[in-house]
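Assemble the whole structure, with the sequences as input and the hints as a guide.
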Amino acid sequence: MILARRPISTLAVVAVATALVGSGVAVAAGTDQSSRSAEVVASAADTDLPNVTVLDAGGTIVSSAVGRNRWQSYGGPRVTIRDIKDRISPEIDGVADVTIKDTGILGSSAATTAAELLKLTKMTDAELARPDVDAVVINTGTNIMEELAYWSDLTVRSPKPVVFTGAMRQQNTFSFDGLANLFNAITLAASEKTTCFGTVLLMNDVFFAAREVTKTDAVRTDTFEGGRLGALGMVDELKVRTLHAPARVQKCGTAGWATPFDLTDVEAGDLAKAEIVYSYLEADGEPVAALAEDADVDGIVTAGHGAGGISTEQSALRAAAIANEDVVFVSTTRTGDGSVYVADGTRNIIGGQDLTPQKARVLLQLALTFTKDPEQIRAWFKTVGSPEFDLSGKASTPEPPTATVDSLLAAAQADVRAARAAGTLSTGTATLLLDRLDRAVAAYAKNDRAKTASYVEAFVDRAEQRVDDVALRTALVKAGEDVLAALTTPGAPAVVTAADTPLPNVTILDAGGTITSSAVARHKWQTYGGPGITIKDVYDRISPEITTVADVTIVPTGIAGSSARTTAAELVKLTKMTDAELAKPDVDAVVINTGTNIMEELAYWSDLTVRSQKPVVFTGAMRQQNTFSFDGLANLFNAVTLAASQKTTCFGTVLLLNDVFFAAREVTKTDAVRTDTFEGGRLGALGMVDEDRVRTLHGPARVTKCGTDEWATPFDLSAVEGDDLAKAEIVYSYLEADSTPIEVLARSGVDGIVTAGHGAGGISTSQSIERAAAVRDEGTVFVSTTRTGDGSVYVEGTPNVIGGLDLTPQKARVLLQLGLTFSKDPEQVRTWFSTIGSPEFDLSD
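For the sequence shown, the positions run 6 to 850 when the working numbering is used.
Bear in mind the hints are in silico, worked out from the structure with no lab data behind them.
Errors might be hidden in some of the hints.
Said to hold, decoys possible - Taking CB as the label site, the calculated pair distances span:
#: 1; residue 1: 710; residue 2: 118; range: 13 to 23 Å
#: 2; residue 1: 777; residue 2: 261; range: 51 to 61 Å
#: 3; residue 1: 777; residue 2: 340; range: 45 to 55 Å
#: 4; residue 1: 475; residue 2: 778; range: 43 to 53 Å
In this text, a Cβ means the ideal position worked out from N, Cα and C, and glycines have one as well.
Next up, the structure:
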């Protein structure tokens with residue numbers, strides 16, 4: 006493992022220790038307890054288990070209540086974390102070799118001091134500097150855990166895992182949560198999967214980045230959440246799943262990974278002092294003035310209303326404090342989420358972005374300890390305080406495929422067949438058009454480009470003359486023109502509108518949806534009616550502003566975006582159109598608008614099938630284009646802005662609505678009609694677009710393969726047609742659920758069935774019996790998922806029954822359909838579910 010840069014003296018110790026480890030010698034370094042700790046670690050050195058040090062910093066986990074049923078009332082003797090560890094033995098002994106050290110810190114929110122924070126960092130780094138220590142777990146009080154974890158995140162120099170944990174109920178109460186929390190924290194640390202994540206916090210089976218995590222309930226065990234950005238992963242028994250990562254992993258193994266806040270030579274008296282002032286209706290300004298006049302206070306964080314606003318009196322006295330005392334202020338919001346920005350050049354006032362007031366105070370205190378220059382501190386808030394993914398320029402872009410003409414012809418054939426099946430094209434016209442396309446395919450197979458072009462031109466002429474539906478006619482003509490363009494100049498862009506400008510080039514693929522639909526009246530956005538429009542019409546309404554963001558080309562797909570009518574052929578077509586656009590060297594990204602009812606499934610389909618690593622962004626609207634507060638304008642603007650930034654290169658497909666974007670794998674629609682309908686479940690969002698600021702704060706695991714051939718999935722659709730796709734269905738389970746749907750579907754010849762079960766995938770007894778019969782008699786492949794909306798389902802060793810992990814039933818169906826299209830081997834499909842369906846970060850090497 007590569008260590009981040011350390012002070013020279015310690016680095017030398019680490020280098021020597023690392024060399025000695027290769028000889029099997031246990032080495033301890035850099036602590037007043039080194040001899041005792043070395044002895045403890047050496048006693049367990051004969052095992053192959055990871056070595057985890059637990060630093061006991063107190064908290065509820067080692068406290069007692071006045072009664073077993075009185076977990077809100079403290080009283081009685083404290084215990085040590087060693088006592089808690091003994092209660093999870095012998096099970097934990099199979100996970101890691103654990104060394105426990107007492108920090109002397111009680112973990113009290115009332116009594117913890119700056120000196121103790123400094124001590125904790127130094128103890129943590131001393132442990133992690135030892136080559137025979139793989140990770141550190143720290144238990145402490147939950148009231149201040151988020152602040153201690155962020156302090157650790159900003160100051161610990163080693164990239165080895167650091168995990169904070171604790172408990173919400175005391176050790177002698179009913180359902181004491183500390184046992185599971187300590188077990189899971191050690192399991193997570195021992196996995197080493199959070200190497201280079203910085204400090205994480207684990208409670209209630211879920212772990213979060215220290216930067217975002219916050220306590221949201223004073224007493225409940227599920228108190229910790231990650232705000233809009235959610236969690237990084239979870240521990241399910243012994244299964245550690247690291248599905249998202251903070252942006253600093255990009256610098257893993259480099260000197261740039263560590264922050265500037267090296268406390269090696271810092272003493273408690275050296276630390277700056279920073280305070281928080283809360284704002285509210287008619288807030289008095291005197292606390293601002295009093296703190297500013299205190300010679301010991303270097304900085305003040307204001308917890309403002311809305312986007313950082315404070316009262317008039319507070320604002321006036323803040324200005325005076327800046328002028329007279331040169332105090333540095335950081336503006337944050339008391340709302341718990343959302344970002345606060347302050348224009349560069351505003352003297353001594355810095356935007357805290359999306360840091361909570363208490364996290365901003367930690368960063369401000371450290372920053373002021375290392376510099377008194379407000380502009381340097383401003384820079385640190387933007388970088389150290391808000392690290393972002395930016396993989397633009399890192400993509401490995403495939404060469405334009407030699408089968409471009411073949412694929413375009415196949416897509417045109419699929420369009421005609423789909424239109425005939427939908428009834429929008431008469432049988433006679435469809436036959437005529439397919440005849441021209443069939444002839445073109447045959448001519449191209451003989452490498453006769455002239456005849457191919459002639460037949461395609463005939464196809465375009467017939468489409469213009471005989472297709473009545475305007476949208477379909479436009480799409481078919483465009484499909485023919487794309488073939489002609491590819492024939493003339495292979496790989497050349499089909500449409501170029503503004504190639505002479507330096508702006509990024511973004512193609513919008515118009516696949517319909519509410520964003521191009523109308524309502525019966527401006528105030529009736531749940532009732533559709535009236536003529537539809539095109540995405541070009543919506544684009545015109547966000548001009549001229551959008552013209553400063555990107556050069557946009559709009560290409561109709563002929564897909565209506567309807568959840569009732571979208572077909573497999575259209576899915577294949579959408580993938581091929583996306584890849585065809587992204588294969589063009591002058592196209593930087595693609596935006597796809599479509600209906601929100603099926604957007605999460607289309608986005609995941611795209612995520613699994615698009616070959617290019619360039620950005621793909623899905624968007625749409627929850628209100629029709631002619632309604633009050635039509636959300637499609639902001640959504641389209643933000644989607645183009647996100648795509649143009651190219652910051653989601655190698656993220657796969659993302660979905661953006663309501664200023665926030667999510668990984669296609671996790672995003673789901675949670676409300677039938679509200680504009681904030683999309684959420685990322687437990688894992689939250691990847692980032693947000695705030696006006697022209699694109700912030701990519703978390704990343705999906707597949708970014709670790711950016712620029713390599715391994716980034717793409719096995720599901721290459723370039724030679725696949727809609728008719729080639731396997732068929733997969735979903736069966737819902739409930740109280741006394743009848744087994745008939747499973748029986749009928751299995752006998753009809755479907756290839757796979759996803760069960761949306763209760764709890765951890767449970768289905769009714771009759772369904773279970775029929776599932777076994779379908780596996781035995783029909784060879785049907787089943788995937789077990791949960792209807793609950795969150796949580797994982799695992800299945801091991803059961804033939805033809807696969808665990809869907811944390812995929813929703815509809816996402817699992819997409820993966821199952823693709824898996825069975827490319828393999829009929831259930832064990833191969835099972836492997837794909839555990840890898841492609843659940844890609845994970847693992848930087849332990």
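Cross-check of the supplied hints:
1. Distance hint check: the CB atoms of residue 710 and residue 118 are about 45 Å apart, inconsistent with the given range 13 to 23 Å.
2. Checking the proposed 51 to 61 Å range against residue 777 and residue 261 shows it holds: the Cβ atoms sit about 55 Å from each other.
3. Range check, residue 777 to residue 340: about 52 Å between beta-carbon atoms, so the 45 to 55 Å window is met.
4. Taking 43 to 53 Å as the suggested C-beta distance range, the pair residue 475 and residue 778 conforms, at roughly 50 Å.
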